[in-house]
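Between the sequences and the hints, there should be enough to build the whole structure, so can you do that?
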Amino acid sequence: EIGWGEGASRLPPAAAAAAAAAATTDGAEGARGALRRRARDRGSSPAVPPELRPLLPPAATEGAGESKMAKPENEPMVDKTPKKAATAFKASTWCPMCVYLNPLAWLLIFIDFFLWLLSTFVGGGIVKLCRVMTSPEWTVVDGEGGIKRISSAAVALHATPYEGCSTGFDCAMKAMNEYADQEAFGTRKFLGWYKQDGVKYPKKKFGATSWQTYAEVKERALAFGAGLLDLGLVPLPPEEGQPGGINFEETTDPHTLLIYEETCADWMTALLGAHSQSLAVATSYATLGVASVADAAQECNVKAIVCNMKDVAKILENSTAMPRLTHIVYTTNYVTEEDARNPPSGEGSITVVSMDQVIAVGRAKPVDAHAPGPDNMAVIMYTSGSTGKPKGVMIRQRNLCASVAALVNFVGNGILEPGGETYLAYLPAAHILELCAEFCMICFGARIGFADPKTISSNGAVRERPDGTLQTTPVFSYDANTTPPGAIQEFRPTFMAAVPKIWDIMKKGIENGLSSQPGIIKGLFNMAFSYKNWALNHGMETPLFNKILFHKKFKQLVGGRAKLFVTGGGPIAAEVQTFIRVAVGVPLIQGYALTETCCAGTVQYPTDPRNGVVGPPVSSIEMKLRDCVEAATDVEGAPNGTQPSVLDRDDRPYLSTDTRHYGEPVAGRGEVLIRGLSVSSGYLKQPEKTAEEFDSEGFFHTGDIAVFTPDGCLKIVDRLKNLIKLKGGEYIAIESMEKEYSKCIYVNAVDGGICCYGDGDMDRPVALMIANLPEIRNWAAKNGIEDASADALCSNPDVLAEVLSDLRKEGKAGGLGVNELLAAVHLITGEGSPDVAEVNSPW
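So for the sequence shown, this note's numbering puts the first residue at 83; every next one is plus one.
No lab work stands behind these hints, which were simulated from the structure alone.
It is possible that part of the hints are untrue.
Derived lysine to aspartate or glutamate pairs resembling EDC-like cross-links, with alpha carbons at most 20 Å apart [as the list claims (entries may be wrong)]: (1) K803 x E817; (2) K637 x E657; (3) K807 x E817; (4) K803 x D833; (5) K285 x D312; (6) K396 x D421; (7) K807 x D843; (8) K645 x E499; (9) K891 x D880; (10) K392 x D421; (11) K767 x E332; (12) K271 x E420; (13) K767 x D777; (14) K285 x E419; (15) K894 x E746; (16) K803 x D732; (17) K536 x E913; (18) K583 x E892.
Okay, here's the thing in structure tokens:
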């Protein structure tokens with residue numbers, strides 16, 4: 083989930099119509115899921131799917147199903163001489179020579195270097211520099227059978243962040259007692275929607291932020307837990323999960339609360355309240371259809387669901403698929419006070435109550451906390467279902483406690499300060515990264531500000547000032563009178579996690595702003611950018627350039643206080659990671675883990691300047707690499723040793739004994755296997771799937787292919803299921819391709835980005851792509867194509883040739899193989915309704 087694991091990020095439903103005939107559940111898997119299912123059926127897939135043929139240029143489908151294979155070096159069947167494109171600004175680690183010949187540039191570099199030298203002597207930086215340059219902050223130890231651990235866990239894996247705590251609930255309660263008077267959960271007051279003239283979609287309008295202290299959060303959670311018992315939920319017995327105790331998968335008692343809501347303060351309050359009475363929590367993405375909610379409710383014997391007020395009607399309409407459901411508890415997240423005064427009512431045997439009403443019942447009928455044991459079920463976390471029906475991952479209290487221990491051990495190693503941090507919570511709380519990040523921040527006594535992805539920046543929200551007027555633009559100075567619209571400037575986080583798409587949008591937004599600047603400004607920016615990148619890679623800083631440019635201009639966009647950014651959920655392009663680290667001035671590190679390992683895997687250290695590295699193992703797990711081979715048989719079907727299950731683009735198998743990866747030194751290659759205290763118990767009521775992915779030695783088989791660097795850090799190469807074999811037998815790495823192609827200036831990363839496709843009946847891969855219409859119009863205007871509609875532009879042969887040329891350029895620059903270069907691309911305007919599942923909608 084944090085890396086490329088089971089249930090990794092899915093394509094939103096708006097793309098589903100592209101594969102409606104192939105989708106198996108509600109059509110909600112989207113074009114990407116349907117395409118990939120077909121590609122995985124090697125040798126049985128029907129060329130290009132018929133329902134997608136109209137979307138692709140002739141080059142993509144011509145000859146599909148024939149045996150003739152085009153030579154890899156052949157160019158795609160498009161016009162090879164496109165007109166010259168208008169060049170958008172892109173930051174580069176290499177400056178034009180004319181900049182280096184500029185005396186002003188050298189003067190600025192000299193002053194910056196002198197100030198850095200002065201700061202190292204005054205601040206003791208020489209010692210720190212020597213430490214950074216001579217040895218890493220981490221050491222990985224090797225065990226028997228190629229098993230690797232972080233050195234701090236060489237003797238024993240870390241099970242808890244605090245002595246005396248054995249469950250995730252214990253950790254949260256200890257922190258809430260310790261930081262009782264400090265601000266805990268912050269929520270912006272929702273005032274409705276703001277419709278701006280000339281803008282297609284309205285924005286959310288916010289008022290002032292209100293904060294709950296840790297003591298208040300604890301009181302609400304305990305009262306909510308008591309109220310759940312009044313609704314008829316039954317605590318898990320202490321022996322559940324232990325040998326001889328009840329089997330969670332077999333019981334039919336109502337031990338589980340289902341949460342179907344976006345990330346908000348009430349989400350975490352509901353979870354902690356359920357845990358206070360030894361109740362398990364099942365999670366369902368708020369973006370999934372009600373059919374998925376019904377499946378989870380049926381599978382978990384759910385009696386009560388927590389959802390948003392606006393979703394109550396949907397739950398009631400589908401209640402026949404949830405025969406055990408008796409109560410719907412609604413929140414008022416993003417509901418105005420006026421709408422909240424008109425509460426929904428129940429139907430038949432189902433009662434509808436607000437969360438505040440349940441808390442009031444708990445206060446009126448107090449019940450002592452029935453704290454869970456370490457083996458009790460904590461969370462049934464459903465994957466997003468991008469590779470099929472969502473699976474419920476069984477996470478126990480001890481798994482959650484161990485993962486929190488690993489994260490606290492990492493960020494507490496001089497990175498973050500207990501009681502002094504602010505975290506921006508906006509990723510889905512039903513995602514394991516967000517859930518564990520919030521638990522970790524609670525243990526640190528951090529302020530947690532809640533938001534949603536669309537209102538992080540000032541482009542997605544407006545803010546009401548005290549005088550009633552509206553603030554619609556970013557704020558670059560902060561005091562008691564400022565009213566920034568975006569959550570990232572409102573809460574000014576010191577720590578933040580995001581998926582690669584967020585960082586890519588941030589990079590392109592800054593570059594678009596620089597595009598309109600004079601050439602000398604862009605040249606000086608590139609000079610400062612390239613010099614700072616060099617300095618960071620050598621353990622140095624750039625105090626002058628930070629003061630006059632990077633911190634002053636760009637760090638303020640993220641609130642000005644950020645200490646650390648974490649990216650996960652998929653691969654991030656090297657140039658994006660470099661840009662954020664350099665221009666925004668905040669370390670952007672990669673993390674890798676999965677739902678099945680409860681967010682425990684690897685984390686890159688902030689002082690590690692390498693791109694593409696996801697760091698050493700965390701302290702609650704151990705890992706190793708498995709040879710990517712499978713059993714072979716002779717012509718008569720008898721066992722005959724092994725054969726490679728997949729090959730790299732040099733036709734070599736991935737082996738744990740490998741010492742080179744495309745010329746680079748490594749300490750093994752293969753599938754990542756993870757074992758330890760954080761690893762979950764498997765999939766709820768799916769014993770065959772559990773046995774398939776959790777082996778008898780306790781290792782979870784991730785399906786991800788990686789290499790170990792010589793210093794023990796992991797580097798993800800690709801995912802077994804996303805290595806697609808083309809007609810000629812060559813493998814292509816779909817996610818690596820999408821990572822590189824997403825850097826193209828013509829890709830609209832905000833509304834969906836790019837989806838690559840290939841299968842066993844195709845010579846070369848193709849792509850579906852949401853077009854960045856402003857950039858395409860800019861190129862078209864400079865090349866004599868004027869007054870064309872979006873649809874006309876996206877089907878214009880010259881435009882297609884230019885876009886394909888730029889995509890292939892980015893692919894080559896990113897090191898993609900010849901067979902991974904696109905043969906054709908179909909452009910989608912993205913101007914359809916976001917609420918309708920049509921191909922032309924934003925994805």
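Pair hint K894 and E746, alpha-carbon separation not exceeding 20 Å: At roughly 18 Å apart (the allowed maximum being 20 Å), E746 and K894 satisfy the hint.
20 Å limit on alpha-carbon distance, applied to hinted pair K271 and E420: With a Cα-Cα distance of about 13 Å, the restraint between K271 and E420 holds, given a limit of 20 Å.
Distance restraint between K637 and E657, which requires alpha-carbon spacing of 20 Å or less: holds, 18 Å
Given pair status - E913, K536, alpha carbons within 20 Å: Given that 20 Å is the threshold and the Cα spacing comes to 17 Å, the pair holds.
20 Å Cα cutoff - pair K645, E499: holds, 10 Å
Hint consistency between K807 and E817 [alpha-carbon to alpha-carbon, up to 20 Å]: holds, 14 Å
Pair hint K803 and E817, alpha-carbon separation not exceeding 20 Å: holds, 10 Å
Hinted pair K396 and D421, Cα distance within 20 Å: holds, 17 Å
Satisfaction of hint between D312 and K285, Cα-Cα up to 20 Å: violated, 39 Å
Distance restraint between K803 and D732, which requires alpha-carbon spacing of 20 Å or less: Distance ~19 Å between K803 and D732 Cα, so the pair holds.
Straight-line alpha-carbon gap K891 to D880, limit 20 Å: Holds, at roughly 16 Å.
Pair hint outcome, K767 versus E332 [Cα-Cα no greater than 20 Å]: holds, 8 Å
Checked against the numbered hints given earlier, this structure breaks hints 4, 5; the rest are met.
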